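Undergrad: Whenever a hint applies, use it, and build me the whole structure from the sequences.
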Amino acid sequence: MGLFNRQIKKKTTNGNGTPDGNGHATNGHDTNGHAPEQLPADGETGAELFQVKTSQSMSERLLDIAKDKSPHAVKELIPWLEKAREGGEGRTEFIDKTKEVAWQQADNTVRAVTAGMGIADTRAFFRGDPAIEKPNPRYKIHVNAFFAHIRPKYYEKSSTKFSHTFGLGYLSFYMFMLETITGVILMIFYTPSDRRAYEDIVKIMSAIPFGQLMRDLHRVGAELMVLIVVLHMTRVFLTGSFKPPRTFTWLTGVVLLILTFALSFSGYLLPWDQLAYWAVTIGTSMAKSVPPKEIVGYFSNLIMRGGDTINQNGLLRFYLMHVFALPAITLVLISVHYYRVARTHGISVPAAEEESPDPAVRKAAKERIDYLPELFTRELLWAAIATFVVIAYSAWVFHAPLQEHSNPLHTPLHTTAPWYFLWIQGLLKDAFVLPAIRALDQTMVSIAKYIGADMPPGSTIIVPFYDSPAWQGVIIPTMIIPALFLGVPYINEWWEKFWGTKPSRQLLKNRKGTVVVAIISTIFMMVIWYQGTPFYGVTAPPAVEIGQTFIPEEGVLPPVPLVPDDWGPVRRLGYDGLPDGEYVLENYSVPKPTDTEFDRMLAAMQQEVQRRAQLWAEGDKTHGIPNAKGVFVVQQWQQNGLKRVNLEITWDKTTPSDTGKYDRVIYLHKDANYK
Amino acid sequence: MSVQFKILIGILFTVATIVVLVIYGIGEDARMARYQKNFAARSVQAGAEYFETYCITCHGEKGEGIAGKGPALNRTDLLDLKGTPYLKLINWNGTTADFIRNTIAAGRPQFSKYYENENYQQHMPTWSQDYGGPLRPDQIDALVSYVLNWAPGENPPTVPLVTPTPGPTATPIPPGEILKAIPFPVTEAGPGDAVLAAGKTIYTKNCQACHGPELKGDGPGAAGTAKPPRNFTDCTAMQQFDLAMHHDAVVNGRPANGMPAWGKKLSDLEIWQVIMYERSPCQVYVPK
Chain A
1 MGLFNRQIKK KTTNGNGTPD GNGHATNGHD TNGHAPEQLP ADGETGAELF
51 QVKTSQSMSE RLLDIAKDKS PHAVKELIPW LEKAREGGEG RTEFIDKTKE
101 VAWQQADNTV RAVTAGMGIA DTRAFFRGDP AIEKPNPRYK IHVNAFFAHI
151 RPKYYEKSST KFSHTFGLGY LSFYMFMLET ITGVILMIFY TPSDRRAYED
201 IVKIMSAIPF GQLMRDLHRV GAELMVLIVV LHMTRVFLTG SFKPPRTFTW
251 LTGVVLLILT FALSFSGYLL PWDQLAYWAV TIGTSMAKSV PPKEIVGYFS
301 NLIMRGGDTI NQNGLLRFYL MHVFALPAIT LVLISVHYYR VARTHGISVP
351 AAEEESPDPA VRKAAKERID YLPELFTREL LWAAIATFVV IAYSAWVFHA
401 PLQEHSNPLH TPLHTTAPWY FLWIQGLLKD AFVLPAIRAL DQTMVSIAKY
451 IGADMPPGST IIVPFYDSPA WQGVIIPTMI IPALFLGVPY INEWWEKFWG
501 TKPSRQLLKN RKGTVVVAII STIFMMVIWY QGTPFYGVTA PPAVEIGQTF
551 IPEEGVLPPV PLVPDDWGPV RRLGYDGLPD GEYVLENYSV PKPTDTEFDR
601 MLAAMQQEVQ RRAQLWAEGD KTHGIPNAKG VFVVQQWQQN GLKRVNLEIT
651 WDKTTPSDTG KYDRVIYLHK DANYK
Chain B
1 MSVQFKILIG ILFTVATIVV LVIYGIGEDA RMARYQKNFA ARSVQAGAEY
51 FETYCITCHG EKGEGIAGKG PALNRTDLLD LKGTPYLKLI NWNGTTADFI
101 RNTIAAGRPQ FSKYYENENY QQHMPTWSQD YGGPLRPDQI DALVSYVLNW
151 APGENPPTVP LVTPTPGPTA TPIPPGEILK AIPFPVTEAG PGDAVLAAGK
201 TIYTKNCQAC HGPELKGDGP GAAGTAKPPR NFTDCTAMQQ FDLAMHHDAV
251 VNGRPANGMP AWGKKLSDLE IWQVIMYERS PCQVYVPK
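Here the protein sequences come in this chain order: A and B.
Residue numbers for the first sequence follow this note's numbering, so the first one is 1 and each next one is one higher.
Residue numbers for the second sequence follow this note's numbering, so the first one is 1 and each next one is one higher.
Don't read these hints as lab results, they were simulated from the structure.
One thing to keep in mind: the hints can contain errors.
As the list claims (entries may be wrong) - When the alpha-carbon atoms are kept at most 30 Å apart in a straight line, the in silico DSSO-like pairs for lysine-lysine are as follows:
hint	chain 1	residue 1	chain 2	residue 2
1	A	K288	B	K216
2	B	K265	A	K670
3	A	K675	B	K37
4	B	K265	A	K653
5	B	K265	A	K661
6	B	K265	A	K621
7	B	K264	A	K629
All values derive from a computational prediction rather than experimental measurement.
TA: Shown next, in the form of structure tokens:
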């Protein structure tokens, strides 16, 4: 009966013991797993198995076939079946044996699926009970299964505290996966061509079910990814987790931060609308200033844009960077970064606990907490919550902006870089270095004059040699900031050696200098970030600014992430909210209780016009308008629901070349919705 | 948090996500329809802006046509989508939208027989970048939707559609009167720095795209025009370029070359300021 020697590999310890009294099942039991397959004896061929022996009854024939052809588990039941046919005790035994075999079959299947845990252990796993079998089958999963294999078997308990890490590293990777999935779906419907791209985005929004949701998710994920990666880095800095042995991990993290920016920025161009075109034009124009301009600046600009301006070539390059090159590099670096964390040094334990004078605290902090199932279920929970949040937010709160088709001939007013690059745009306005250089220059001129050099008024010595875009747009951001970040662990190490301080990660206790540096650099970043917004140092003519406030050229994106764009009060009122007529704004300076929303908007316009007139009267020639007056005109332009809206500002001419008039004209269709 | 509790909350959030997706999915058809409508509306709006820039010189402010320059577009015989006698007359088998798109994109190499009795100064030029014009495909589509928006819609029009009426022809300024027409004093030395500065501002905003930042006719838009834009630093050519001709070119445009008409977009003063700025590289301010 060698054919029956096949034995179930594992036995559980929950009551299903070995079969009693019957030698068949346990004969040839092989602790290493399956017994070798028994082949038919020599001379026997497969065909012979089907030969009908006429002397047999039907049931005997079936039994013979069952003996030869059934799965091993069923074959194992055959002796019991034969016994059961004799009746009596044998029937109950047969039923019991069948249950046992079925259980073991199910158990084996579960073991295969879970890569090591039987039914009982799986149950314990999901109940959060300790493992039943020894050795712990949960650790076996870490050996057998790929995704569990790349995770550690256990963590140090304190390093998993939420208030220590806030799960930011995990969330960064979650966002990367979200971007990959939504991105691949969007790729199906997108063509990287200057003729098709915008049209395809409109199609994604208007003709593909869930297309808008995918695009919104992709956008929300991108903004969150930048935000979370920056926060993750801040956390690591503040908890001192960049210090040895984690220096190399920090370096890969800095590269990942730069890659995150690059991924987000390269995706910015793809919708091919005005926002995309001009934000990327600003961003890439910095490359032009890389010194020496004639070689590096010229060629880096040419390589990025594929031409003098961004066109089809540039779009294709950005597309390939966005969907292929950068994600591939990022994936590799994420792997390196994660491998260090998982295999080399683990997540840091809170410094206060690690450096505690109390050995009990130190020991408690390093207590083990298993990945399976404690942290695994925690991660799944985080993924479920994050998925809910991004989907609900994209469904009802935030919609990715889409402006008009890109137009290389028209720069929209107050174009800005994306919010996370505003600080570079702020640097480009050069509020600190240029004044300092000018002051230094004036001092040098005075000294030269004193010595007796011929210095006519307006002479400069060093200002002409100072290249503001190169320094502020390129050298400072790309050398100082990443170099500083890359150098942080090494500067820190050197600093500690220099002063002979004992290395410590406790922020408030032992790293007071770091706190000061962190506060100062945060304030500095906030200031230059503010300077990057249109609120600082950009002045269009004041009348144009009034037009921009009420009827912006495109939807205005606030300089912060995850806030929808705003098309201004006139478009928000829309076709139905704007009655035809010519409205002299002066008549709306006194609010009335019967005012409609439209009247209140006219009153707001009048207020703004008056404020500008007042500013001029007070002597502010940059922001004020002499004797400004406004008229708001709404005309029915086409019978099929098109109105022409004109905000006309007039003022006293101050010079013969002054036009004394500014018109902001838009058309509004009855179906256009800007709410 | 116990494992079971985490699993429970996780399942609740997953179910909540599915509920959100189902609710979103139920409204998806309506949302797509709304978006399509919204986009069509924005296309008409954009078309109206392009029409104001490129078309009103010949076809009139509201598409009513200008005698001697261009036919009316706001016409029942063209846009009444049930009848379209015009399209039948010329044996056009496509849609009205296709007809208009083709006409804008490729222009009219010869005058239509339909207008035999009218005397137009010039042919409809090619506007598509494919045929050497300045407009991108999306701009032409926007113009088509704007022109089609004159067609009677769901609601019957309360005002009858405009039929072509002979309008006043723009009278060119006689060469002798040209200096009197300029709203500020000009000598051979020029109109003064204030005018040139104002002209530069207007130039930067409106003209630089094609005529280039240094007035050399090499702006990024130059690639799309039928004829290269004028190079204002070419003094031999500028000597030949009469002031009155310059004024006419700015006011009425040279649609065949890709130069838009600025008469409706800029005031008379602004036009003269920008002309003076454009003539400043060669100092040809007054006629010799």
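Undergrad: Take the C-alpha atoms of B:K265 and A:K621, compute the straight-line distance between them, and say whether it is at most 30 Å.
TA: 27 Å, holds
Undergrad: Check the hint pairing B:K264 with A:K629 against an upper bound of 30 Å on the C-alpha distance.
TA: Within the cut-off at roughly 22 Å; holds.
Undergrad: Would the hint linking B:K265 and A:K661 be met if the CA-CA limit is 30 Å?
TA: Since the Cα atoms of B:K265 and A:K661 sit roughly 12 Å apart, the hinted pair holds (cutoff 30 Å).
Undergrad: Is it true that the CA of B:K265 sits at most 30 Å from the CA of A:K670?
TA: 25 Å, holds
Undergrad: Is the Cα-Cα distance between A:K288 and B:K216 30 Å or less?
TA: 22 Å, holds
Undergrad: Does the structure keep A:K675 and B:K37 at a Cα separation of 30 Å or less?
TA: 14 Å, holds
Undergrad: Measure nothing beyond the straight line between the CA atoms of B:K265 and A:K653; if it is 30 Å or shorter, mark the hint as holding.
TA: Holds: B:K265 and A:K653 sit about 19 Å apart, inside 30 Å.
The structure fails none of the hints (numbered hints given earlier).
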